[in-house]
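All chains should be modelled from the sequences, with the hints used to inform the complete structure.
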Amino acid sequence: MSDITDPLTQEFQAPSPREMLKQRAKGHLGLLTGLGIVGLLALVAIFAPLLAPHDPYAQSLMTRMEPPVFLGGDWDHPLGTDHLGRDYLSRLIYGARVSLMIGAIAALISGVIGTTMGVAAGYFGGKVDAFVTFLINVRLAMPVVLVALAVVAILGGSLTVVICVLGLLLWDRFAVVMRASTLQISRRDYIAAARAVGASTPRILLTEIMPNIFNNLIVVITLEMAHAILLEATLSFLGLGVQPPTPSWGLMVSEGKNMMLFEPWLVLIPGAVLFVLVLAINLMGDGLRDVTAPENRS
Amino acid sequence: MTRTLLKTTALAAFAASLAMPTFANQADDTLNVAFTKELENVDSYFNSSREGVVMQRAVWDGLIYRDPATNEYVGNLATSWDWIDDTTLEFKLREGVTFHNGEVFNADDVVFTVNYVAKEENGVKTQRNVNWMESAEKIDDYTVRIHLKEKFPAAIEFLSGPVSMYPNEYYAEVGPSGMGLKPVGTGPYKVVDVVPGQHFVLEKNENYHDSPKGEAQIAKIDIRTIPDVNTQMAEIFSGSLDFIWQVPTDQAEKLAQMDQFTVANASTMRVGYLDMDSAGRSGADNPFTNKKVREAVNYAINRQELVDALLKGESEVIYTACFPSQFGCAQDVRQFEYNPERAKELLAEAGYPDGFTTEFYAYRDQQYAEAIASYLNAVGIKTDFRMLQYSALRELNMDGKTPLSFQTWGSYSVNDASAMVSQFFKHGSLDSTRDDQVLEWLNIADSSTDPDVRKENYKLALQRIADEAFWAPMFSYNTNYVFTKQVAYEPTADEVLRFVDMSWN
Numbered sequence: 001m002s003d004i005t006d007p008l009t010q011e012f013q014a015p016s017p018r019e020m021l022k023q024r025a026k027g028h029l030g031l032l033t034g035l036g037i038v039g040l041l042a043l044v045a046i047f048a049p050l051l052a053p054h055d056p057y058a059q060s061l062m063t064r065m066e067p068p069v070f071l072g073g074d075w076d077h078p079l080g081t082d083h084l085g086r087d088y089l090s091r092l093i094y095g096a097r098v099s100l101m102i103g104a105i106a107a108l109i110s111g112v113i114g115t116t117m118g119v120a121a122g123y124f125g126g127k128v129d130a131f132v133t134f135l136i137n138v139r140l141a142m143p144v145v146l147v148a149l150a151v152v153a154i155l156g157g158s159l160t161v162v163i164c165v166l167g168l169l170l171w172d173r174f175a176v177v178m179r180a181s182t183l184q185i186s187r188r189d190y191i192a193a194a195r196a197v198g199a200s201t202p203r204i205l206l207t208e209i210m211p212n213i214f215n216n217l218i219v220v221i222t223l224e225m226a227h228a229i230l231l232e233a234t235l236s237f238l239g240l241g242v243q244p245p246t247p248s249w250g251l252m253v254s255e256g257k258n259m260m261l262f263e264p265w266l267v268l269i270p271g272a273v274l275f276v277l278v279l280a281i282n283l284m285g286d287g288l289r290d291v292t293a294p295e296n297r298s
Numbered sequence: 001m002t003r004t005l006l007k008t009t010a011l012a013a014f015a016a017s018l019a020m021p022t023f024a025n026q027a028d029d030t031l032n033v034a035f036t037k038e039l040e041n042v043d044s045y046f047n048s049s050r051e052g053v054v055m056q057r058a059v060w061d062g063l064i065y066r067d068p069a070t071n072e073y074v075g076n077l078a079t080s081w082d083w084i085d086d087t088t089l090e091f092k093l094r095e096g097v098t099f100h101n102g103e104v105f106n107a108d109d110v111v112f113t114v115n116y117v118a119k120e121e122n123g124v125k126t127q128r129n130v131n132w133m134e135s136a137e138k139i140d141d142y143t144v145r146i147h148l149k150e151k152f153p154a155a156i157e158f159l160s161g162p163v164s165m166y167p168n169e170y171y172a173e174v175g176p177s178g179m180g181l182k183p184v185g186t187g188p189y190k191v192v193d194v195v196p197g198q199h200f201v202l203e204k205n206e207n208y209h210d211s212p213k214g215e216a217q218i219a220k221i222d223i224r225t226i227p228d229v230n231t232q233m234a235e236i237f238s239g240s241l242d243f244i245w246q247v248p249t250d251q252a253e254k255l256a257q258m259d260q261f262t263v264a265n266a267s268t269m270r271v272g273y274l275d276m277d278s279a280g281r282s283g284a285d286n287p288f289t290n291k292k293v294r295e296a297v298n299y300a301i302n303r304q305e306l307v308d309a310l311l312k313g314e315s316e317v318i319y320t321a322c323f324p325s326q327f328g329c330a331q332d333v334r335q336f337e338y339n340p341e342r343a344k345e346l347l348a349e350a351g352y353p354d355g356f357t358t359e360f361y362a363y364r365d366q367q368y369a370e371a372i373a374s375y376l377n378a379v380g381i382k383t384d385f386r387m388l389q390y391s392a393l394r395e396l397n398m399d400g401k402t403p404l405s406f407q408t409w410g411s412y413s414v415n416d417a418s419a420m421v422s423q424f425f426k427h428g429s430l431d432s433t434r435d436d437q438v439l440e441w442l443n444i445a446d447s448s449t450d451p452d453v454r455k456e457n458y459k460l461a462l463q464r465i466a467d468e469a470f471w472a473p474m475f476s477y478n479t480n481y482v483f484t485k486q487v488a489y490e491p492t493a494d495e496v497l498r499f500v501d502m503s504w505n
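If you read the sequences in order, they're chains A and B. Residue numbers for the first sequence follow UniProt numbering, beginning at 1 and rising by one. Residue numbers for the second sequence follow UniProt numbering, beginning at 1 and rising by one.
It cannot be assumed that every hint is accurate.
Distance condition first, Cα-Cα at most 35 Å in a straight line; then the derived DSBU-like pairs of lysine-lysine [said to hold, decoys possible]:
1. A:K257 / B:K312
2. B:K37 / A:K257
3. A:K257 / B:K459
4. B:K151 / B:K426
5. A:K257 / B:K213
6. B:K138 / B:K213
7. B:K138 / B:K149
8. B:K149 / B:K401
9. B:K204 / B:K220
10. A:K257 / B:K254
11. B:K254 / B:K291
12. B:K485 / B:K426
13. B:K182 / B:K138
14. B:K455 / A:K257
15. B:K291 / B:K312
16. B:K92 / B:K204
17. B:K426 / B:K125
18. A:K257 / B:K138
19. B:K291 / B:K459
20. B:K254 / B:K182
21. B:K382 / A:K257
22. B:K455 / B:K125
To be clear, the hints were calculated from the coordinates, so they are not data collected in a lab. Because the structure is a prediction, the values reported are computed rather than measured.
Next up, the structure:
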């Protein structure tokens, strides 16, 4: 009896939302590609000491700027060596740590700041909203790169300073998106119901609102992560970000810049990796939005 | 449509690059030159940069001239000179010389210039160049006496180098800022256009006097400020520049492989060294107050490798706080070989078995600075690297806030040890050592007129500086000059670009 399934009931049994999500994710090429690349680079970053063939700081002036394998170099330095004879592949691998760490922590800091402000503004409205909107406007009026340059120039460039500066500068999109989503949701019936049964404000915010705006949050996090990584590369390129000898992709581009006319690979390799990482994060973000909120697809 | 447009543009650009206007510059008799650094003020007393020295030699003249090939002193604006006593020099001036604005050169100009620059409150940028002069006195229209504060044997060298003569009436009227915008001198080239941050245009001085510098060959020199080396190279490829200099070694080597350029390398008097805060100005507990730490730094650096792999050309390893060709620059001082093991031992003996972290400042040649930092890291001295503009670092240095910095000094091409060692070890604001013994010897050496006494005392001072490892001198610089085959030029070993010696092939 039990193993006989009723064709009628099966036909009407809709898949759960979670299953639908999985289905949509499996069919989304962009999301899978993005996730794959970011995951791979994250693994590379975590296991850098095991993967790197050489010490990324070991200088050997006698073997400077050896070409990569595909340009006639040897396999001891598959991607060649830089202007101080350091192994390019190892520096690239350790550079992934810097980029991902800056991206993740800066997005986290700005995420916490922006979400708190956005949710508060959307939920409480009134004066709180006016104040937060004012702060957002002030922040949007400041050019990020210039402010970051100025602050880093005053405080001196280092990993910590760059992370903090970016974290404190990139919260605007979080605040804008979270405020709009919260505004939408706080007018729903189930919020009114929660209030009616006497749920406290923190409880409503945490258990009713947060889960419903989480999808948007994820998308913004990925966008801002990519943004932070690019900004770090910009600052380092200008000599105001991560300081040598720390391997950073932006710094590698900057160090290779002088030889660009003759040894373009010095710039192309870190540039390409940076491009791939930022592209992958963006693909991932786009994919997540498509998958979690298919009704908003344009 | 867009694609066709793109294609046409690309083709046009390509065609243009083929039809390179190779001889256009020669046909107009205009030499296009690039400077890498911005010149803050063309007035040579109010800048301290190499570009300023180049302009000074082209636009102005000194009383005396040192032939760069033979190192002999010959008269330029003066025809002869005599020491009246230990502190008085008398000059017979050349007659019939006029400034670019028509003003006649005579004793009044010398008196005015010397009296103006020697006064400290007038703020000449490098006091060392002028502060040995007390005043000048007119005897008659073409005879003048310069009074020295104290005995100063290098006077002739300085008068043939950084001390040039200004027109009294014009300078009194416009001052340093006016002089910077519309410079007027007696030199082989006159300045016809100054656009700060963009370019300077020099034109041949047709009325140039019979100077040992010789007459200018090229009618017009257009100097543009182009900070980026790649842009400079792109422009010399396309023919819009004829002459670039201070080209980094890596790029110069590549350019030398091409047929259309001449690459010349010449040594310079510039010495690269590490300045260590042995006086404890940046904090009394700073590790560099310990002699063993300073020795460790000296042992940690592989000078030979830096010269062989990075600087190349005519560079040499340097162990003294001066350049070997300079008078009094004794070479028999303590020489630190590359010995990282010894460096680690010394650090351990000094109480830093695990090394320490220090701020490390630099203002030029980031590549060299990084290589040096890497040597220090390897023995346990971890560096917090800070790359600054020259003026910013100089200020920090004067305030005694730099425990360790990578510095260079070109001595204004003055061929006397006093131009370097006395600049930095006589308790001035840039002295991170403040050693009384060194000061005493330098005072004797700087003011004696007896060459043997001078040599002996410079030697004592330089030996003590090396023994105590106050500095870590490392290498001398070289300069690469790259120019098109149409240009003929023989660079000299003093890092001075002489437009007057350039001609067309």
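Structure-based check of each hint:
| no. | hint | result |
| --- | --- | --- |
| 1 | A:K257 / B:K312 | holds (21 Å) |
| 2 | B:K37 / A:K257 | holds (18 Å) |
| 3 | A:K257 / B:K459 | violated (43 Å) |
| 4 | B:K151 / B:K426 | holds (16 Å) |
| 5 | A:K257 / B:K213 | violated (39 Å) |
| 6 | B:K138 / B:K213 | holds (26 Å) |
| 7 | B:K138 / B:K149 | holds (17 Å) |
| 8 | B:K149 / B:K401 | holds (32 Å) |
| 9 | B:K204 / B:K220 | holds (6 Å) |
| 10 | A:K257 / B:K254 | holds (15 Å) |
| 11 | B:K254 / B:K291 | violated (43 Å) |
| 12 | B:K485 / B:K426 | violated (47 Å) |
| 13 | B:K182 / B:K138 | holds (27 Å) |
| 14 | B:K455 / A:K257 | violated (46 Å) |
| 15 | B:K291 / B:K312 | holds (31 Å) |
| 16 | B:K92 / B:K204 | holds (27 Å) |
| 17 | B:K426 / B:K125 | holds (17 Å) |
| 18 | A:K257 / B:K138 | violated (56 Å) |
| 19 | B:K291 / B:K459 | holds (20 Å) |
| 20 | B:K254 / B:K182 | violated (39 Å) |
| 21 | B:K382 / A:K257 | holds (26 Å) |
| 22 | B:K455 / B:K125 | holds (28 Å) |
Against the hints set out earlier in the document, violations occur for numbers 3, 5, 11, 12, 14, 18, 20.
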